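Novice: So the sequence lines, in the order shown, correspond to chains A and B.
Position 244 (the first sequence) corresponds to 244 in this note's numbering; numbering is contiguous.
Position 127 (the second sequence) corresponds to 390 in this note's numbering; numbering is contiguous.
No lab work stands behind these hints, which were simulated from the structure alone.
Note that the coordinates shown come from a computational prediction; the quantities given were computed from them, not determined experimentally.
Just so you know, even glycine gets a beta-carbon here, dropped at the ideal spot from N, CA and C.
Among the hints, erroneous ones may be present.
Part of the chain B face toward chain A, derived, beta carbon under 10 Å [said to hold, decoys possible]:
#1 Phe268
#2 Gly316
#3 Phe346
#4 Asn354
#5 Ala358
#6 Gly364
#7 Leu365
#8 Leu421
#9 Ile574
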Amino acid sequence: MKSGKFWAWVVFIVGAAYFFIPLMATVEFSLRMRRGVHSFDAYQIVLGDARFQSTFLYSVVAAIFTIILGVLIVVPAAYWIRLRLPQLRPIVEFITLLPLVIPAIVIVFGYIRMYGSNSPLPFLGSNMGANALLVIGYATLALPYMYRAVDTGLRTIDVRTLTEAAQILGAGWGTIIGRVILPNVLIAVLSGAFLTFAIVIGEFTMASLLNRPAFGPYLQNIGANRAYEPAALAIIAFAITWGCMSLIQILSRFAPKSANRPN
Amino acid sequence: MAEPFLSIQHVRKSYGSNTVVQDFSLDVEPGEFVSFLGPSGCGKTTVLRMVAGFEEPSAGKIVVAGKDITRLKPNQRNVGMVFQAYALFPNLTVAQNIAFGLKVAGMPKADADKRVAEMLDMIKLPQMADRYPYQLSGGQQQRIALARAIAPKPKLLLLDEPLSALDAKVRVSLREEIRSIQKKLGITTIFVTHDQEEALSISDRIAVMYGGKAEQVATPFEIYNRPATKFVANFVGTLNVLEGKVTDAASGTVQVNTQQVSLKGKLNGSKSGDTLSLALRPEAISLGSQPGHDSRLTGEISEVHFLGSVIRVRVGIGNNTVSLDTFNNSATPPPAVGEKAEISFSSSDMLVLH
């Protein structure tokens with residue numbers, strides 16, 4: 001074996017061990033709830049817990065609305081910037097990066113001050129309003145990932161010529177975005193969507209401070225009070241994330257064929 | 264004279280202080296095929312894009328079938344367009360691409376399917392309906408783009424350098440196909456190109472553009488044989504330019520190097536002593552005397568290139584060099600470099616460039 005190949009294998013094995021050993025240790029620990037034998041008791045308790053089901057469902061619904069809101073904001077904005085306002089791109093990129101720089105706790109305190117029950121826009125005056133505010137907050141948090149994913153997708157197609165081709169055939173803006181642009185950046189949008197999903201499912205700060213019954217605060221609560229269940233929950237959360245990644249791969253096979261795809 | 268189908272009236276386009284099209288006017292008859300020919304940056308594509316509605320003229324008016332469309336949006340103009348980069352929608356099959364405009368117009372599915380089949384037959388690609396653009400060659404993609412543009416029966420067809428991205432062989436066959444389809448449908452067409460051979464071979468008329476202006480609008484025959492300006496003469500075809508001096512304006516005598524040439528009736532406004540640029544197409548010149556050729560110049564052969572069926576010869580006449588082609592004749596060897604040679608031509612073929 002050539003020495004280059006040998007060291008490549010060494011690096012791969014060390015990297016894999018760094019990744020898998022804690023994972024296997026967590027899996028092993030999560031199976032130790034019953035003394036002396038391995039069992040799925042911790043998983044049964046977690047999955048059977050009514051609070052797990054309700055908080056998980058709440059976060060899934062919040063994630064879906066966040067994705068819809070994100071797509072509605074980001075796709076037309078990124079498209080328009082590429083088509084007509086390329087000079088604004090650096091500014092918009094900077095704005096979309098802000099949620100990575102400004103901690104979620106700062107954003108949520110800002111929301112509480114701005115949209116409290118005494119404000120002109122009293123989002124926090126009702127449950128539905130607070131839910132809406134949470135979704136808006138999540139859309140903000142997911143902005144860096146969603147914008148970059150969509151913008152990268154738009155880079156792979158000739159936005160201007162495709163737009164003009166559709167326009168000259170009689171299409172209006174709705175048709176152009178819905179039937180020409182969106183289908184051609186669908187994989188990019190899906191990538192952004194699943195990243196958003198992964199962020200929303202585990203998010204703690206906003207949900208906790210807005211007092212929403214989401215999965216993140218539930219995870220924290222279990223982690224603080226139980227021994228084996230947090231390990232089981234960590235594995236479940238890991239499985240969900242990897243499930244999302246796999247879905248991106250599977251869905252990409254059904255995505256529209258692109259002229260840019262190599263033959 | 265009948266009302267023009269497309270009338271571009273005194274159109275100007277400026278970007279800030281930079282004027283890219285200046286006072287451009289053109290009338291196009293119904294069913295006519297007009298090419299905009301010119302070098303990069305001459306404004307030909309900008310004029311086409313103003314007709315399509317992608318650019319708004321800074322001044323002037325564009326009228327189609329008697330209707331002022333200057334301020335209409337592209338999707339309200341009922342104009343078909345083929346782009347240089349094909350611009351097929353990558354997510355749609357060939358049939359869906361062709362049906363796109365029909366669907367947008369609200370045509371019932373059965374009628375749209377029928378029209379798509381007609382279009383696929385017309386471009387001779389009926390078996391490609393279910394393919395995606397990435398599965399087609401460049402030539403096939405451009406034929407699909409043409410079918411897509413024609414499917415909604417537009418009033419006007421705009422072709423923006425549709426052959427530029429294709430290889431030489433496909434270009435020739437596709438340009439003939441475009442012309443035959445255009446003639447069959449009788450659709451008024453504007454074709455933008457920088458390739459003079461393309462423009463000369465398929466156009467009813469050519470607008471040669473330079474510096475945002477139309478230098479000459481005429482038939483290919485006129486453009487080639489009677490160029491109106493020095494730019495047109497130089498841009499279209501190969502040209503031998505000779506520097507001459509008017510020795511007798513009244514009799515039309517011009518001196519080239521030390522030899523006299525008679526150009527009676529061609530020296531409008533020139534005075535004795537004026538310096539002129541004279542031009543001759545290579546095919547108008549013969550090596551040696553020829554019946555019908557009334558003018559002769561002598562020089563020395565400076566280059567000979569044997570190209571098979573044709574021999575390209577360059578003859579030096581003082582500071583001027585004249586290039587001409589002669590057919591290969593197996594019984595006669597090509598002339599040798601350094602030989603004295605006489606060239607002859609008809610003075611009526613001599614162009615005086617202004």
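Novice: With reference to the structure, classify each hint as holding or not holding.
Specialist: Cross-check of the supplied hints:
| no. | hint | in the structure |
| --- | --- | --- |
| 1 | Phe268 | violated (18 Å) |
| 2 | Gly316 | holds (8 Å) |
| 3 | Phe346 | holds (6 Å) |
| 4 | Asn354 | holds (3 Å) |
| 5 | Ala358 | violated (14 Å) |
| 6 | Gly364 | holds (4 Å) |
| 7 | Leu365 | holds (9 Å) |
| 8 | Leu421 | holds (8 Å) |
| 9 | Ile574 | violated (44 Å) |
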